[in-house]
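A.B. asks: Given only the sequences and the hints, what does the whole structure look like? Please build it.
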Amino acid sequence: KAGVTQTPRYLIKTRGQQVTLSCSPISGHRSVSWYQQTPGQGLQFLFEYFSETQRNKGNFPGRFSGRQFSNSRSEMNVSTLELGDSALYLCASSLSELRGEAFFGQGTRLTVV
Amino acid sequence: SQQGEEDPQALSIQEGENATMNCSYKTSINNLQWYRQNSGRGLVHLILIRSNEREKHSGRLRVTLDTSKKSSSLLITASRAADTASYFCATGFTGGGNKLTFGTGTQLKVEL
Numbered sequence: 001k002a003g004v005t006q007t008p009r010y011l012i013k014t015r016g017q018q019v020t021l022s023c024s025p026i027s028g029h030r031s032v033s034w035y036q037q038t039p040g041q042g043l044q045f046l047f048e049y050f051s052e053t054q055r056n057k058g059n060f061p062g063r064f065s066g067r068q069f070s071n072s073r074s075e076m077n078v079s080t081l082e083l084g085d086s087a088l089y090l091c092a093s094s095l096s097e098l099r100g101e102a103f104f105g106q107g108t109r110l111t112v113v
Numbered sequence: 001s002q003q004g005e006e007d008p009q010a011l012s013i014q015e016g017e018n019a020t021m022n023c024s025y026k027t028s029i030n031n032l033q034w035y036r037q038n039s040g041r042g043l044v045h046l047i048l049i050r051s052n053e054r055e056k057h058s059g060r061l062r063v064t065l066d067t068s069k070k071s072s073s074l075l076i077t078a079s080r081a082a083d084t085a086s087y088f089c090a091t092g093f094t095g096g097g098n099k100l101t102f103g104t105g106t107q108l109k110v111e112l
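Residue numbers (our numbering), protein chains in the order written: chain W, 1 to 113; chain C, 1 to 112.
It cannot be assumed that every hint is accurate.
[Claimed, not checked] List of simulated lysine to any residue pairs, SDA-like, C-alpha gap at most 25 Å:
(1) C:Lys69 - C:Glu15
(2) C:Lys26 - C:Ser68
(3) W:Lys13 - C:Gly42
(4) W:Lys57 - C:Ser68
(5) C:Lys26 - W:Lys13
[To be verified] Far from chain C, by Cβ distances over 10 Å, these chain W residues were calculated:
(6) Ala2
(7) Gly28
(8) Ser33
(9) Glu48
(10) Arg55
(11) Phe64
(12) Phe69
(13) Arg73
(14) Val112
By construction, these hints were calculated from the structure, which means they are not laboratory data.
These numbers were taken from a predicted model, which means no experiment stands behind them.
Backbone N, C-alpha and C fix where the C-beta goes; we use that ideal spot for every residue, glycine too.
C.D. replies: In structure tokens, the structure reads:
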């Protein structure tokens, strides 16, 4: 069974630009969550999508948005990039809330210059 | 903000020794999970313990959960150099979907 795939792996963007990150969950998993990891703030929850609906949202500004498609693939968008958005963005897929385990992709390393 | 703290922040041991990491959290939970992360890569799920469980084993891993103290510990027995990584606890909440709140992490270094 293929794992969680995130693309691209690395990205360099300029302040003010926007970026879209992609995540393909494990086949059969309908829940996709996104996390931001930085040295200063650690791992922070961005949002969760389940069956194309945003189910939970973390405490991030509206510049951070996401969506999920009918095949459960998810995208995350960050508009008007700031230097502080430089981070490792991790996607996790889960089978169900009852099971609980999350399976993570390798992440997208975003650098904003 | 993060749910809890882990201690120690860093731990250095010799191969073959046991490593113990502790996690404290702040609110009621549905489950607590431990993850491993190698050098800025993705997180690997290690073990999940539910709020009504007190202890769980998986291979060389042993996890305990004390909901009255809002704390958990992860014991890795007979550590190997390949266990060198950062370890994070994460908590899930009833009604929280699959949202996980992570601790600050423990950096484990196992030396030959």
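A.B. asks: Does each hint fit the structure? Answer for all of them.
C.D. replies: Consistency of the hints with the structure:
no. : hint              : result
1   : C:Lys69 - C:Glu15 : violated (31 Å)
2   : C:Lys26 - C:Ser68 : holds (11 Å)
3   : W:Lys13 - C:Gly42 : holds (21 Å)
4   : W:Lys57 - C:Ser68 : violated (28 Å)
5   : C:Lys26 - W:Lys13 : violated (37 Å)
6   : Ala2              : holds (14 Å)
7   : Gly28             : holds (14 Å)
8   : Ser33             : violated (6 Å)
9   : Glu48             : violated (5 Å)
10  : Arg55             : violated (5 Å)
11  : Phe64             : holds (15 Å)
12  : Phe69             : holds (18 Å)
13  : Arg73             : holds (16 Å)
14  : Val112            : holds (17 Å)
In summary, the numbered hints that this structure violates are 1, 4, 5, 8, 9 and 10.
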